[in-house]
Each structure stands twice: as structure tokens, then as C-alpha cells.
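K.L.:
Please arrange chains B and C on chain A, whose structure you already have, making use of the hints.
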Amino acid sequence: MYLKNAWYVAGWERDLDDGLLARTICEEPIVLFRCENGKVGALEDRCCHRSAPLSFGRLKNNEVECGYHGLRFDKTGQCTAIPTQNLVPPGARVRSYPALIKNRWIWVWMGDVNKADKEQIPNYFFLDSPEWATIEDYFYIECNYQAYIDIQLDQSHSPFVHPDTLGNPAKLKVKPKVTREERALRCERLFPDDIPPPLWAEAAKIEGKGDSWNRWIYNPPATIMFDVGAAQSGTGAFEGNFDHSIRIHNAHAITPETATTTHHFWSSARDFGIGDPQTEKEVSIIRKVFREDVAICEAQQRTINKFPGAPQIDVAMDHPTIQARNLLEKLIKEETQNL
Amino acid sequence: MYLKNAWYVAGWERDLDDGLLARTICEEPIVLFRCENGKVGALEDRCCHRSAPLSFGRLKNNEVECGYHGLRFDKTGQCTAIPTQNLVPPGARVRSYPALIKNRWIWVWMGDVNKADKEQIPNYFFLDSPEWATIEDYFYIECNYQAYIDIQLDQSHSPFVHPDTLGNPAKLKVKPKVTREERALRCERLFPDDIPPPLWAEAAKIEGKGDSWNRWIYNPPATIMFDVGAAQSGTGAFEGNFDHSIRIHNAHAITPETATTTHHFWSSARDFGIGDPQTEKEVSIIRKVFREDVAICEAQQRTINKFPGAPQIDVAMDHPTIQARNLLEKLIKEETQNL
Amino acid sequence: MYLKNAWYVAGWERDLDDGLLARTICEEPIVLFRCENGKVGALEDRCCHRSAPLSFGRLKNNEVECGYHGLRFDKTGQCTAIPTQNLVPPGARVRSYPALIKNRWIWVWMGDVNKADKEQIPNYFFLDSPEWATIEDYFYIECNYQAYIDIQLDQSHSPFVHPDTLGNPAKLKVKPKVTREERALRCERLFPDDIPPPLWAEAAKIEGKGDSWNRWIYNPPATIMFDVGAAQSGTGAFEGNFDHSIRIHNAHAITPETATTTHHFWSSARDFGIGDPQTEKEVSIIRKVFREDVAICEAQQRTINKFPGAPQIDVAMDHPTIQARNLLEKLIKEETQNL
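Chains as they are written, first to last, in my numbering: chain A, 208 to 546; chain B, 208 to 546; chain C, 208 to 546.
Next up, chain A with everything else stripped away, as it sits in the complex:
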């Protein structure tokens, strides 16, 4: 069960550089391409004639030519040409999906075309801002997307999944403050008068103690902005003055492929040490951290497969992830009832 009236990230803009891109989202195979005017086409990846995948064909004049018998389809899914005959029968068309590029990500709307609302796309400005430097990648993950969202929203796993990288049991004593909005969940943990890590202290020129924080915003179904940073104590960073701070904004697009496979497009952006190889090297440990998330979530999925229907108990530290799942469940329920 997926939320259909929603935007999902289908890839990085650059994934369209080579022509046709095949990607399955919410169990629906899609072929994506970029037209000369910069607009993005997204069609059902199956020719309506003999079921060849359109992604096996060619991009020609902003249309997709099937690689089997040469039928052509425009960006709306309409068949525009059939070789060896002049007439195109009226039923010759494939489904098209609203799609666009924003902040260097390809976004696809999986539901009712008439409800596609660009305003629902989160603003991940730091993905394509010259004031932010990014480390970024794509992981293909063999687990359910909600389980993988869980781990991004849950800090309590850190000492156990990341003992040699992030692990910091002390910080877990600060309880997360969770706020629910109509289509978002926010979480905040503030650490005033904290001793920041040396890298951060140096980058932010913090002398002595600092104010540090981590916050996230989850936009259901499947994107997260994770914000961590530190500032000289008492310079107002908690209230929005970032003049004496350094910040890292992580963007996660966690797009379901199937019930047990997931696309993870991620970027870790920073507003300090831009162009500095030493900083780049130090922050790139995030890649190892994310790989540790992948390992435990894939192991968890394999175990769930072996114990179908086994119950799970909840503990106190689960409340942010439970709230996130509840919010998504509510949206899916509303969508299903409105059908």
C-alpha cells in the first residue's frame, strides 16, 4: 500500500543525461526522459503493442520510439506514429506521470494527475546552492522503505549501529521534541553548552562551549531533511542566527521500488569548508555511516521475511518513528476513502 497522490524522487537530474532512464517506483515500472525544453517525460515502461519495455528504445525528437516495432509516444503517453500504417488507433497510448526537476532531483507524481500539486514538493535549496557543498550518492537497498525511513528518523540506534563513527550515548539523554503538522513531522533536540566535536569547533570558530542541535523534517511519504549544526554558545543559533555557526543539511529521498526494495537518493550538504579537501575528507565519513544503516536494515528485512507476521513490541524511544508511520498511514487511509 503506497500513498499515490504524492511526489517521489525518481533520480538525480544527471541520470537523464544518457537518454532513457528506467526506474520502478511503488511497483510501477517507469521510463523517464528529458525533452529539449527541459521538461521531463515519465511514461509507463511498457509499449501498449507487444509489451516491450520503452526504456529499451530510443529518445527521438522529444518522443520515445519503441525498440521493437518503432511505435512512438509523446510526453503525454499518446502514440504518435506506427510504422507501416498511417492510422493510429485511439487506444494506442500509455500512462504518463507528472514529472519535473527541482533542486537537481527528478520528482514524479504517482497518483491522480489532476491532483498533482507542485507546492507539495519540499524545498531542498541546499542541493543546488553555491553556498552549500554536497557529498551525494544513490544506494539501492533491499528492505522496505518505511523501515529505512525509521532508521533515519531514529537517533537511538546510533551507539549500536555506528559505534565507531557517530555513536554518542550521552546525547540520547536529551529527549526529542516532536511536532506534527498536516503533511509533515518535525523533531528537534537541542544541546546548549555542549562540547562540540573538534572538526565543528574549528570550522565554526567556537571557543569553549557551543550550542548544538539536530532537527529533522519528515515530509510523507518519503523525504527527510536532517539538520545538524553547532554555534558559539549564546549567539542565538537556536533562534535562527547562524552567523557564528556551521550547519549540515542531509536530504534523504527514500523511494519505494517494491515492498522489499528501496531507492535511496541522498545528499549531505554543508555551509562550511567549501572547496576545502580536508573538510571534504572528514565529512565524507557520512557515507560509511549510511552504509551501516543499510546493513542493519537489510538484515532486519531478511529476518522479517523469515518470521512472517511476528509481533513487534514498542519501546519509549520509538515515538518519533511511530508518529511518522501514523501520519503516513492516515494520509493513505484518507486517499483510499476518497476513491
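Among these hints, one or two may not hold up.
Because identical chains share one entry, a pair is satisfied inside a single copy or across any pair of copies.
Unchecked claim - Result set (DSBU-like, lysine-lysine): computed pairs, CA atoms no more than 30 angstroms apart in a straight line:
1) K513 to K246
2) K211 to K513
3) K282 to K513
4) K513 to K540
5) K537 to K513
6) K267 to K495
7) K309 to K495
8) K267 to K513
9) K416 to K325
For the record, the hints were derived by calculation from the structure and aren't laboratory data.
It should be emphasised that the depicted structure is a prediction, and the values quoted were computed from it without experimental measurement.
P.N.:
The following block gives chains B and C in isolation, referenced to the frame of chain A:
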């Protein structure tokens, strides 16, 4: 659903040189072997005792000895010996299939033994004639056999699947003429006063224009003879005078292994340039052409798997393949009703 | 369907040297570990919180710490700690299995804890006796465990599966004598005044003819002791005087993983040529013999998968394996009726 009262090609004769050959046809595992008198044995590939595959055993004195407990079976499937006991119980036997060699192919009859009719085997004389030189191979293909028969009977895919090898959109303007017989479908396209390819013109000593053609005969369920050629214009090749012509006869045995896997035994025979390395090199492009067929059909199968039950629309150029499928469907229906 | 109130071998004791051992038995994933007092813990390999496999975690102070959120479980399966909260809810526990080490094998009881009876574990003393030298290994086998037990209890396959190693058709003429006990099956074949193999004759200092034997004891569900040996003729070896004999005791633990996969822990122990490299080399042919068993049983399983429900005929030499299957079936039936 397969046509059972029919001959299927199980392999090249030479596949029997090393003893026992295991091959699954119409989802039935079979072990094949050659007796000293040249006759071919074909047995169910499962010992009736403890279900070991007989193909794991040994060929001994024209019988198959099971590799587990040494039970022996003759060409009729009768168990002839059980070690450590003298009596062979009456039920100790495995199914046998009529089988024979013709034109260097092993043919197996999958249905009612009493209906096995050797006259139904097509005459592919050019597979073992000294007047014809062949290029030949075996492909294992991950798609349904009917979809793979389709591509052999359909020329309209050529400009899109073979753009760098065969692709010739101009010839598609000549409509195929299809003739249906009781157990065959014929198709013909004639191109009088055509400019032949340089290789053909030279081989057939054509000066100026030529008469060229392509024809196929489909013998359901699963073999095709494809005939292409060219002759000096007006020398009567269309009427059967091949004195001033060159010809290529392709034989395709497209044997179903399972619903989504297929054996393709093929030969491309020519009556010109026999023993000439340059001609051999030029005609061997056919291997690349067939590999292109395989790639699109396997991609098509994967997409069909992802969209179970999705409808397909037909277009005008499909009529030869639709007629072929209709003929096979009719034969299967008749066979089922007669049970 | 498995016998649950029974001990199964889960591994070699040394498999616990590196911490947590994951092993699936009777389709139940289990994590095994050794406590400082030498006792063995065996827990359901799934955290009751978020279903991460406990085997992905760490062994800490005789407890298992989950590798996801750090929940701890003691040897009884009770959750003893949850990070970031003080209270452990009463339902926070996982299933535990009785487990112990005996004769260097880890034994696990898969059924009702109250019925676990250590007396049921066979005494394979030769696995850890200084008077016996062993060759031993672990095979992971892709077939049903009962089919693999069959081949160990059946000597009639020898000339066909082991033609170049053991194969000795002559000995098959001596019929096996089978004796059934409440929870064991015994089989014996005696060969008085036999010519022993040269290796044995030399090791046992047999001059001329010897008395030799093979015997096995099957303890259902899944362990076998196989005893072969030879002695100077007439020195009373058949009656238990082994002063003039050499003996080989093979122990087989054939533990079902799933319906079509099996763990095989085995040891071949001898009471002669201990520490002698030449003897070690000659007896190590047993590894090749066992590999031949694996090959035929895996081929058999693949064929059974292809012919679901196909009947099998029995022959006279099957009676030991049929009796073994009947005994296990009876025990399973009794267990099921007592539920």
C-alpha cells in the same frame, strides 16, 4: 499449454556424442542417448525408484544405468535390472518418448506414442546437404517460445531491432502474402527489379537489377524455414528456376523448455561461396542479428512478468504472427477436445 | 513436519569461538553463544522489538545485545535492558532453547522445554577421545535431510555412487540385519573370513583372512553412528573383543535447515594410525566419498522438485531406509497426537 502430439527438436545430433543428454521440453525433463544401432532413446529423466535424474547415470550397452542404485532401463523405458534382487517388479518403468535423428537434428514426439507420425517432420535437407554450407548454433533464451516465434515471422521489427545490420525500412512497403495450410503457414514477399546488396549481387553474378524475395514456412508448433535469395532479373527465380540465383535457408527450431524459457537451435545455410572464408565472414553477421532478437524478446518477457495480464493492442503489421498463433491455438484446441 | 521434542546438532563447539553463531534448524532461525561458565545459550534469532536478527549484534557479559537499538537478552530469552528507558516491559523476551555441548557438538532441543532429556543424546565418545583420531567437516547440502539420511543408511548405492572409491559389489550379497528399538534402529552386516583391504590388514596386523563388519545405529531424528572394522579371523571381534582389530566410527549429524536444505556435521574417527600422516592421508578419501553422496542427493532433490508428487517404487534393498523413515514417522505422529 503445449501441443503434445508434435515433434520438437531436442538438440543437435552431436549433443549425443558424450553419452547422456539432459533436456527439458514442454516442462518435461528428458534424458536422451544414442544406441549402437544409431537409434535414439528418450526417457523421462527420473528414476522410478528414488527419483534420481537418469541423466546423472551412465550409458551401458544401449541402456541407462541409474547413478544412485544402478537400476537399468532400456530404450522403451522398461527396467531391465535391479542390483541385489533378481525380480524386476512389473511397475518398474519410466516413460519413453519416440525420438529420431533427421537432418542432424534430434526430434522428440511429446504426445501419444501411437500418433507419432514421421511424415510430420519438416524436410530441412539443407542442414546436411553438401551443396549447402551452414553457420549454426544453440541459444538458451529466457522468454516464452511463442514470443520468440513471433519475432522470426515478423519482418516489421527489422529497422528498430537491427538498425545497424539488417534494417531496411524501404522493403517493409511490400506487404507480406500469407497462405494458411492445415499444418503450416506460408508467407511471401517478392521484390522484382530490386537493387540487391553487393555481396549477393557478386555471388549471384547479377548485373544491374535483380529479383529478390523472402519467404517463410512455419510448421507448428515450433519450427520455421526462412528462405531469402536473389537472382538476375527475369530469370524465373520467382517461378523456381534458381540457375542464376543465390539462396539462404535459415532453419529455426524454437523448442519450449518452460513457459518462460526456450531452446533455439538454428542454422543459416547458403548455396553459394561454399568453402570461401570471405563469404563465411560476411554471412556470419546473422549471429549478431539473432542475438539482437534474443535481447529484445528477453526484455519483453521481463516486462510481461512485471505487468501480469496487461492488455496488448494489435496493429496491421501483426497479421502474420496473429495467424501463426491462431493456427497453433486451433491445433492445441483440437488436441484437447480429442482427449 | 519435524520431530520437535528432540536434540539436533547445531554445530561444532568451535563454531562458538567468534561470538554469535546464526543457524537455522527445522526452519527456525537461532542465535547461539557460549557463556563464561561454558554453558550454551540458544535464542530465537529475532529481536522482539524491531525484528533485527540478534546474531547481527554482540555478545556482552553472557548476554546478547541487539545490533540495532541495544536491547539485551540473557540466556533465558528475557530482555534485561533497554537503552534510554529504565523499565523493561513484561512481554519483552524471545524464545530460548535448551542447548549444551557434548562430544564437541552443540546440541539444541527444538521442542517443549519441560521434556528436554539429556539422556536422549547419543554417546559419540570417539569425537573427543584421545584414543581416536578424527577427520571432520561441515557440509551445507541442498536436499531434504531424510533423503540424506537414506544414503547414509543404505549401502546398496556404493558401487554406483562410489565406483572409484568404495564400490564393492561383492559385499552387497550379505544381507543387512536390522533391529528396531524404541528410539533407535540398528543394522549389522558381518563378513567372516574375508580378505580385508591392504590398509586395514596392515594396520590390524591381520595375516591371511579377517573378520570384518559394518554396523550402524540410527538415532532419530537425525544422527547416525557408522561402525566399520576388521580383525584377525576368529579373535572374537564380532563378540566385542577388539584386541586384534582396527575400527572406524563415523558420526553423522544430519540437521534439517529447511525442507530442502540440510546441515551435515560429520566426523570419521579411527582407533589406529593415530598421528601417522600416511594413514591420515589414506583414510581421508572419506571426504571424497561423502562429497559423492552430496552430489547424487542434490541431483535427486532437483529432480523431485521438477516432478512434484511423482510416485516412487520400492525395491528389496530399501528395507533399512524404509524402517528408518517409519520409525521417525511414528515418533512424529506420537508427538503430534500428544499436543
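K.L.:
30 angstroms Cα cut-off: does K282 pair with K513 within a copy, between copies, both or neither?
P.N.:
between (43 angstroms within a copy, 22 angstroms between copies)
K.L.:
At 30 angstroms max between alpha carbons, let me know whether K211 reaches K513 within a copy, between copies, both or neither.
P.N.:
Answer is both; intra-copy 29 angstroms and inter-copy 19 angstroms each pass.
K.L.:
Which holds for K267 with K495 at a C-alpha limit of 30 angstroms: within a copy, between copies, both or neither?
P.N.:
between (41 angstroms within a copy, 24 angstroms between copies)
K.L.:
My question is about K537 and K513: at a cut-off of 30 angstroms on alpha-carbon distance, are they close within one copy, between copies, both, or neither?
P.N.:
Both, since 28 angstroms and 29 angstroms are each at most 30 angstroms.
K.L.:
Between copies, within a copy, both or neither: which fits K309 and K495 at Cα up to 30 angstroms?
P.N.:
For K309 and K495, only the intra-copy Cα distance (27 angstroms) is at most 30 angstroms; the inter-copy one is 42 angstroms.
K.L.:
Reference check for the pair K513 and K246, CA-CA at most 30 angstroms: within, between, both, or neither?
P.N.:
This pair counts as between: shortest inter-copy Cα distance 27 angstroms, intra-copy 44 angstroms.
K.L.:
Tell me, please, which holds for K267 and K513 at an alpha-carbon limit of 30 angstroms: within, between, both or neither?
P.N.:
between (47 angstroms within a copy, 26 angstroms between copies)
K.L.:
Pop the pair K513 and K540 into one bin, within, between, both or neither, using alpha-carbon distances up to 30 angstroms.
P.N.:
Classified as both: same-chain Cα gap 28 angstroms, cross-chain 26 angstroms, threshold 30 angstroms.
K.L.:
Measure nothing new, just compare the shortest in-copy and cross-copy C-alpha distances for K416 and K325 to 30 angstroms and report within, between, both or neither.
P.N.:
Neither: 42 angstroms inside a chain and 62 angstroms across chains, both beyond 30 angstroms.
Hint 9 from the list above is the single one not met by this structure.
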